[in-house]
Each structure stands twice: as C-alpha cells, then as structure tokens.
Amino acid sequence: MHGSKIPIWFFIGLLLTIYGVLIFGYGIYETATGNFPPGVQLTRLHTPLWWGGVLLLLGLVYVIKFRPGKSD
Amino acid sequence: MFGLVPASTVSIPHMSLPSLLAFAASPLAHLGALDIAVIVIYFAMVIWIGFYLKGQSNTSEEFFMAGREMTAWIAGLSFVSANLGSLELMGWAGSAYQYGILATNWYWIGAIPAMVFLGLVMMPFYYVSKTHSVPGYLDLRFGGEARTVAAVAFALEMILMSGVNMFAMAVVMKVVLGWDINFSIIVSSVAVALYVGLGGLRSAIFNEVLQFVLIWGGALLVPILGLYQAGGWTGMKHNIITNLHSDSYFHLWRDTGSFTTNPMGVQWTGIVFGLGFVISFGYWTTDFLVVQRVLAAHNLRAARMAPLIGSFFKMAVPFIVILPGLLGLALRDPAVANGIPHLVGQDVVAANPGAELHSYNEILPLMMARYLGPGLLGLGITALIAGFMSGMAGNVSAFSTVWTYDIYRPLINKKATDSHYVLVGRWSIFIGVLVSIMAAYLVMRAQGIMDYVQALFSIFVAPLLAAILFGMFWKRATRWGGFLGLFLGIIFSASLFMWVKLNPANLRYVALSDAAKPMAENVFRALWAFIFAAVVIVVVSMVTKPRPVAELDGLVYGATKLPTEEWVPFYKREWFWAALVGVIFVALNVMVW
Numbered sequence: 001m002h003g004s005k006i007p008i009w010f011f012i013g014l015l016l017t018i019y020g021v022l023i024f025g026y027g028i029y030e031t032a033t034g035n036f037p038p039g040v041q042l043t044r045l046h047t048p049l050w051w052g053g054v055l056l057l058l059g060l061v062y063v064i065k066f067r068p069g070k071s072d
Numbered sequence: 001m002f003g004l005v006p007a008s009t010v011s012i013p014h015m016s017l018p019s020l021l022a023f024a025a026s027p028l029a030h031l032g033a034l035d036i037a038v039i040v041i042y043f044a045m046v047i048w049i050g051f052y053l054k055g056q057s058n059t060s061e062e063f064f065m066a067g068r069e070m071t072a073w074i075a076g077l078s079f080v081s082a083n084l085g086s087l088e089l090m091g092w093a094g095s096a097y098q099y100g101i102l103a104t105n106w107y108w109i110g111a112i113p114a115m116v117f118l119g120l121v122m123m124p125f126y127y128v129s130k131t132h133s134v135p136g137y138l139d140l141r142f143g144g145e146a147r148t149v150a151a152v153a154f155a156l157e158m159i160l161m162s163g164v165n166m167f168a169m170a171v172v173m174k175v176v177l178g179w180d181i182n183f184s185i186i187v188s189s190v191a192v193a194l195y196v197g198l199g200g201l202r203s204a205i206f207n208e209v210l211q212f213v214l215i216w217g218g219a220l221l222v223p224i225l226g227l228y229q230a231g232g233w234t235g236m237k238h239n240i241i242t243n244l245h246s247d248s249y250f251h252l253w254r255d256t257g258s259f260t261t262n263p264m265g266v267q268w269t270g271i272v273f274g275l276g277f278v279i280s281f282g283y284w285t286t287d288f289l290v291v292q293r294v295l296a297a298h299n300l301r302a303a304r305m306a307p308l309i310g311s312f313f314k315m316a317v318p319f320i321v322i323l324p325g326l327l328g329l330a331l332r333d334p335a336v337a338n339g340i341p342h343l344v345g346q347d348v349v350a351a352n353p354g355a356e357l358h359s360y361n362e363i364l365p366l367m368m369a370r371y372l373g374p375g376l377l378g379l380g381i382t383a384l385i386a387g388f389m390s391g392m393a394g395n396v397s398a399f400s401t402v403w404t405y406d407i408y409r410p411l412i413n414k415k416a417t418d419s420h421y422v423l424v425g426r427w428s429i430f431i432g433v434l435v436s437i438m439a440a441y442l443v444m445r446a447q448g449i450m451d452y453v454q455a456l457f458s459i460f461v462a463p464l465l466a467a468i469l470f471g472m473f474w475k476r477a478t479r480w481g482g483f484l485g486l487f488l489g490i491i492f493s494a495s496l497f498m499w500v501k502l503n504p505a506n507l508r509y510v511a512l513s514d515a516a517k518p519m520a521e522n523v524f525r526a527l528w529a530f531i532f533a534a535v536v537i538v539v540v541s542m543v544t545k546p547r548p549v550a551e552l553d554g555l556v557y558g559a560t561k562l563p564t565e566e567w568v569p570f571y572k573r574e575w576f577w578a579a580l581v582g583v584i585f586v587a588l589n590v591m592v593w
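Chains G and F supply the protein sequences, listed in that same order. Quick note on my numbering: the first sequence kicks off at 1 and runs consecutively. Quick note on my numbering: the second sequence kicks off at 1 and runs consecutively.
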C-alpha cells in the first residue's frame, strides 16, 4: 500500500460508499416494513433511500476513478 | 453596534458554552445503532489515513509542508474547511434565526474580497519566498525580532484555541446527545493527536477535505427538506413575514443605513470597513492556520488558485448555515413532536433553569433531529464532530510548524538534523494536544478565561496585518519599523482590550458610540490597532535605514520578479476565476439587497 500513493479522493469515495450502503440499506428496510422513526418529519419522502443512493453512487464513482494503482 | 462577538476566527458568533452546558435541557437527539456505526466508521477512517500517511511524512518538508504537493483543489478545500468549524455552523445558524439574512455578511463581504486578494496579490510573495509560515515571512522581511513576536503569539493562540475547540465540542455533544464531557474530550483529542502526529500536515489536509465533504453530506439535507416543507423560498419568506411582521430578515444591505432599522443593529460602514477590511483581511491573509494550507500547494498557480476555489465554497456555505436558521423561523411549530420551539437567547435559558427552553444556537441540531432518521442523523452528527476535529487539527498542525520552525530551530537548537526537527514536530503535536486538554479543563473550571482566549485573535490580528501589508507592499519599511509596529501594536491592542474589560463604560470611547455593543469593540479595536501599528511602522521606518532593494527580491511588491508560469488557456487562469468570483459575489449581494 505504501508503494503507490492513494489519493484523498479514494478515501472520500470509500467513506461515501460505506455510508451509502448503510443508509440506502436502511431506506430499503424502512420502505419495505413501513417502520418509520417516530418524531421524524417528511418520512413519506423516503429520504434515506434517495440520499443513501446519491452517497453510494458518488462514492462508487470516486472509488473506481481514483482506485490505487490506476495509471491516470 | 453589532449584536455578536467574534471569537477565534473571523466568523464565529458568541456562544456562551458554559452557560449552554449548565442549563442544558434533556438531549436534543438520540442515536441508534446505525448512527453510532456511522460515527465509529468515521473515526476509524481518519485514524487509518493517519497511519497510511505516516510513511509519507519522513522529512521536515513532508511533515510540516505536506511535501508542497497539494493540488489547487485539495489546498483550496482544506483552506476553507479549516475555518468551517461546528461552533461556527451552529452559531451562525442561530444568528440567522435571530437576525435573518444579515448574518450572511460574515460569509460574503467578511471573507470573499480577502480570499481573492490573498490568491491574486499576496500569494506570490508568500509562495516565491518559500517561507514555511507567516512568522517565517516576517523573518525574511523584517528579521528575527518580528518573527519571534509573531511566532509566540501564534503558538499561544493556536494551542489555546485548540483547547477551546475541544471544550466546545464536548459541550455540544453533551447538549445534543447527552454524552459525557470527559469522554468527548478524550476521544477527540486521541483521534486528532494520532492522525496529525502520524501524518503531519498532509494528514491534517486530507482529513480536512474529507471533513468538508462530510459536512456537506450531513448538513445539506436540512435546507433541502426544510425548503420543501416551507413551500420553497417564497413560502419561507411569506411565513417569516407573517410571523414577524417585517421583511428586514431578507435584506442584506437595504436596512443597514442606520443602527436601528435592522434586526442586528449594525451599520453598513462597520460591516464594510471593520468586518470587510481589517478583520477579514487580517484573518484570511495572515492567519497561519489557513495560509499554511495554501503554502502546501504544488506550484505558484495552484497556490493562487486555491483561495479562489475556496471562495466559491465559502459563498455557498450560507446554504447549509443561514438557511436552516431562517427555516427555523418559518417552521416554528412547538406543539408538534420534534417541532421547532420558540427559541430564546442563552441568557433567558440560563435565567430559567428547568423550563426546558432552547437557545438560538440549538437551531441546527434541532432541525437535524426534525428531519434526519437513523443513519442520516449519525451522518449529521458526524458532520458536527468532523467540523470540530478539523478545527483542532488545524490548530495543532499550525502550532507544530510554528513551534519547530520559528521558535525551536532559531532560538533553541539551530544545527540539528532534518529528522530531529521532524521528531520535534511530532512530539510538539502530542504535547500540544496535552496542553489543549489542559486548556479545555481550565476553561471548564474558570469560564472567564474563555473571553481572554477568544480575544487573543482580535488583539493580534490587526498589528500583524499592518506589518505584513507594509512589509509586502512598501520597500521602505525597515526591520525596526516592522518589529516595533507589530510589537507596540499588540501592546496597544491588548491595552484597549483591558481598558474596556476593567471598565465596560469605556467601550463608548473605543467604538465612538454610546449604543455600541461588544462586536463594535472588536471591530473598532482592530481598526485603531491597525492604524496605530501602521503609524509606528511608517514613522520608525522613515528614521531608520532600509534594506537594499536587491535584498527584497521575492519579498516585496516592486522588488520582485515573479517566475513566468506556463501558458494555459484563459479558463484555467486565476484572473478568469477571480472575475467569476467577483460577478457571483456582486450578483448574490444584489439578489438579497
């Protein structure tokens, strides 16, 4: 790992991907079960689903584009 | 005049943290397992980055200057992220709730002109001189005396502010989540010490960029969902005007002709000259905490572009800070679960213990708890933690550089090896964090100390700005002019501070108004201190011998031949981006005139 430098964008992508998986996964669970957190408003918008999806997609783009060892 | 007190940076409103803690009601939010996982993963990631970068931080150039390898984007995001602390996010969201869109001035005129000036005009001298720090520039320009004064003041300010940041984070976590204060202080300080101590400035910069992305990822949902619920900008405006019977909350300049016609009690001359010039230029162009990030750029063009890139993001920050405050005003619904209560000042909260009141400063976490469920709430809290940690890391990394390069090397051990200085830098990170922890507990036990710590920046910044500007743009400025201007300017500024501290009635003389409020003191003290230091520099320089012009190459405007940069298309040139910043800056100000 120390032989080739890992760009900061890869770390960011990795973190966003992990967060995306967790939040998107929770969004699926929430939507499937209808078990919404009490007190939170606008749950009908299914925010974890689309925001988790955005994080996941963005994270994957960065992970792939800036993965260690990629020549450009 | 102003209703706010600036603290350590140009744009932190006053938050009385000890009183916030003492009278905290029940926690504002409760975290679930998913939220905890999000926070734990963040800590694991920043420490991993520290360990990974340890292998790339072996020489002093790598450890203290990140190898001067940063691209314009990384340096620019880090530059703006180092200033984007959570205290600022929460404090200015609270100010927007209290005063409306006027609070945006601290993000726009209070930052953008200075950032553009740094990039276009000042950066070439900092960068071409190959200095490692702002005191280092003073050393090259004026000699060791000015360097030592600036270095000691910087080191003191950085380490104490790191302690205040640590304490602030612990208090906010206590109020928002009910976490134990000691737990927050220990966890955050161990994480910061590890990742900065191992990876040096490179690690601090990497984590600041990471934290910048997290802050946006965690906080952006609040204005998006809030605007949706309020019926867009028009609906929000309609609600606020209906609730408050005034449209002043939506005007940045229109009502600043007089102190009494706007919610904040400010006047445009104070905003333009006090905030927009002395304080803003002092902070953004001479505070080593932010300038250090740009010095790590890989070439001159990147160093000039970095503040310009940062300025675009700085202009956008009100979207995640000011809008939540305004939305809190528009969506007040105390009867609903997780509804926004009627918020009051911290003095009112403190005067009514047990009344379950909430202060203006709690609006951002209240809005988070309103819209963010499991996972997303963890992301929002992580954004706050990230903001605090980037502030602490910025302070200790800057402290380490100033201590090693500007105090230890010239004054204690001049002839050590490069690896010795890296070791000193690494140890100074750990010792700096320890001193910060002590400062945090000191502030907790003796709350009045916080006022003095927060005043350090405002006392120091104006004389430093005068010394740097005259040094950089006036060939005639001499060694003794620079040193005495800086030194006597600090004494003058500190004396003004103590004069008002001992007898608050003296504020009317400093601020030239009986109606002056604490913010006016900071602004006017900075203005008088700048003028005083400038007069000393000019007078002393005129009666002492200047350096030959040939010695000023790379240090002073008019005596420096800047290196020719490679040709790039117009859209990659700094002037093009500066013009674009200018157009957007003017357009934004006109839009909410």
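One should not assume that every hint holds.
The list that follows gives simulated cross-link-like pairs (lysine-lysine, DSS-like), each with its CA atoms no further than 25 Å apart [unchecked claim]:
hint	chain 1	residue 1	chain 2	residue 2
1	F	475	F	415
2	G	5	F	54
3	F	475	F	561
4	F	174	F	54
5	G	5	G	65
6	F	130	F	501
7	F	572	F	561
8	G	70	F	545
9	G	65	F	572
Counterexamples of contact, computed for chain F against chain G with all Cβ distances above 10 Å [unchecked claim]:
hint	residue
10	130
11	206
12	298
13	341
14	374
15	408
16	503
17	531
18	580
19	586
Short, incomplete list of chain F residues facing chain G, as computed with Cβ under 10 Å [stated by the list, open to error]:
hint	residue
20	182
21	198
22	378
23	560
24	562
In case anyone wonders, no lab produced these hints; they're calculated from the structure. Each residue gets a CB set at the ideal place from its N, CA and C atoms; glycine is no exception.
Hints versus structure:
| no. | hint | in the structure |
| --- | --- | --- |
| 1 | 475(F) / 415(F) | 32 Å, violated |
| 2 | 5(G) / 54(F) | 12 Å, holds |
| 3 | 475(F) / 561(F) | 14 Å, holds |
| 4 | 174(F) / 54(F) | 33 Å, violated |
| 5 | 5(G) / 65(G) | 14 Å, holds |
| 6 | 130(F) / 501(F) | 40 Å, violated |
| 7 | 572(F) / 561(F) | 22 Å, holds |
| 8 | 70(G) / 545(F) | 58 Å, violated |
| 9 | 65(G) / 572(F) | 22 Å, holds |
| 10 | 130 | 23 Å, holds |
| 11 | 206 | 5 Å, violated |
| 12 | 298 | 13 Å, holds |
| 13 | 341 | 14 Å, holds |
| 14 | 374 | 6 Å, violated |
| 15 | 408 | 29 Å, holds |
| 16 | 503 | 49 Å, holds |
| 17 | 531 | 43 Å, holds |
| 18 | 580 | 24 Å, holds |
| 19 | 586 | 31 Å, holds |
| 20 | 182 | 28 Å, violated |
| 21 | 198 | 13 Å, violated |
| 22 | 378 | 9 Å, holds |
| 23 | 560 | 32 Å, violated |
| 24 | 562 | 29 Å, violated |
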